[in-house]
Amino acid sequence: MPLLEINNLVVRYGEIEALRGVSIAVEPGQVVTLLGANGAGKSTTLRAISGLAKPTSGDILFDGRSIAGLGPEAIVRLGISHVPEGRRVFPGLTVKENIMLGASNRKASASQISREADAMFDLFPDIRAFSDTLGWTLSGGQLQMVAVARGLMAKPRLLLLDEPSLGLAPVIVQAVFRIISQIRKDTTVLLVEQNARMGLSVADHGFVLETGRIVLGGKPDELWGNEAIAAAYLGGHAKVHA
Amino acid sequence: MDLILQLLFTGIGIGAVYALVALGFVLIFRATNVVNFAQGEFSMVAAYLMVVFAVDLGWPYWLSFLIALAGMALLGVIFNLGVYYPLRHRTYLPVIIATIGASILLANSVLAIYGPQPQVLQGWFETPGIQLGPVYLDSQYLLIIGVTILLVFFNFWFFEKTLLGKKLQATSQDKEMASLLGISVSTMIMITFIYSAVLGGLAGILVAPVLFVSIQMGSTIALKAFAATIIGGFGDVAGAIIGGLALGVIETFGAAYISVPYKDGFAFLVLVAFLIFRPQGIFGERVAEKA
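Just so you know, the sequences run in chain order A and B. With the numbering used here, the residue at position 83 of the first sequence is 83, and numbering never jumps. With the numbering used here, the residue at position 250 of the second sequence is 1250, and numbering never jumps.
The shape of chain A in the complex, shown without the other chains:
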């Protein structure tokens, strides 16, 4: 049974139909990447899964159970952690405090959470030195590390990552994706990316969204292999990659 199954999901913002019947499945242990241009509906899909956007119709099943219509606080308690677009690190809290708050979806003592946050720095050694630094002073790459670390503190069974590479220097993007490939050992990941090359490099399965619809899905090499599609949606460097 898939860990996450989305059936014919429609999301409207007023007059605008952001998703027009999206169906995807994420098997346990997979990294699944959702590709597509700006405004294709990638972020809306993640927002619908985590409860920030209310589905107009269709269903979202997590572990076989419908979560469509539940609020974000309830959904993160079920084990879906959403690292949203723009990192959204709390600017007036320190890095450690931000990370600790990632555990707000489960019962644990403050000292236990503090120990877990310290352990999180083993996975993110680059931000260890900034433990007591306020969020607003960090660089984009550091913010992304904090946001992912905070997302992992929820001990999610499914991690939703929205554009982790956005606005980062190439060397930082590579560091972020190294972390994603480490995370996947324990956690299922649904990744949204504009950067098709990086997004598919860690994926078991990919989907391409276009104006609110899934137009293509398959294993990364199948996607790269489809030349017309690769040229249109994946940046046209299929042959170089292959």
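Simulated from the structure, these hints should not be mistaken for laboratory data.
Stretches of chain A that chain B covers, calculated by requiring three or more beta carbons in the stretch to come under 8 Å of a beta carbon on chain B: (1) 60 to 74; (2) 85 to 94; (3) 100 to 111.
From the derived model, a few chain B residues whose C-beta atoms are all more than 12 Å from chain A: (4) L1005; (5) V1034; (6) L1069; (7) L1081; (8) G1123; (9) G1129; (10) L1137; (11) G1146; (12) I1215; (13) F1253; (14) F1266; (15) L1271; (16) A1273; (17) G1284.
No residue lacks a Cβ here, since even glycine has one placed at the ideal position from N, Cα and C.
Assemble chain B onto chain A, guided by the hints.
Then chain B, alone, in the frame of chain A:
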């Protein structure tokens, strides 16, 4: 010199009351992005609750005090559910208007019950005060200053050292992100309203023996406290406390050396001066950086 020390003591005492109410303003503003114009009425209602229990019913002062504070916590819950919660997804304007409506409702409800004549509430202590060298320390002002110092420390500990305090801060900085982490945003805002109502109530109970207990006391204190938050830097906790104390001292000195009838005027003169020359307030830059 003796007079200056005496005025300083009195000014800090009354300033501490403004600081407590200003703190309530700031906490609600940070959690909901809305100025609660009924914050002063919290002080007034609490003072009248003391009149009900300690004066009319003749119950022990400490018991009346606890009941009044519990009543304020309950008022915070009702206020949140009745005034803020139904409008939480709207812009700030309907919420602000609702708080103005609530303040009118609270003031006139009390007026309907107690009438316009001011009530008198005794201070906590039997002893009126102590002479310390040249300065006479009024016992009620000592209590006000002592409680305010304790609350400032409590506030710091609560918001900076506890996980709940961090969750409240996170909620005030980014509600959507807080909810994604599993922080119950509506619970956090409920806690903020309860805490602010109790703070405002505490200020009202403490200042009641110094002033008269009247319908107008709420709006008078709230105006000063609001001025204090602007002087301190709107939205800044330390600014609210420093601004409140500064305002209390300024108006006390102004009354003593310039003119007693214009006592309230000095507070607003300082406010206008700040709005012209330093609109961001004393700690303004810090607020801007956090935003």
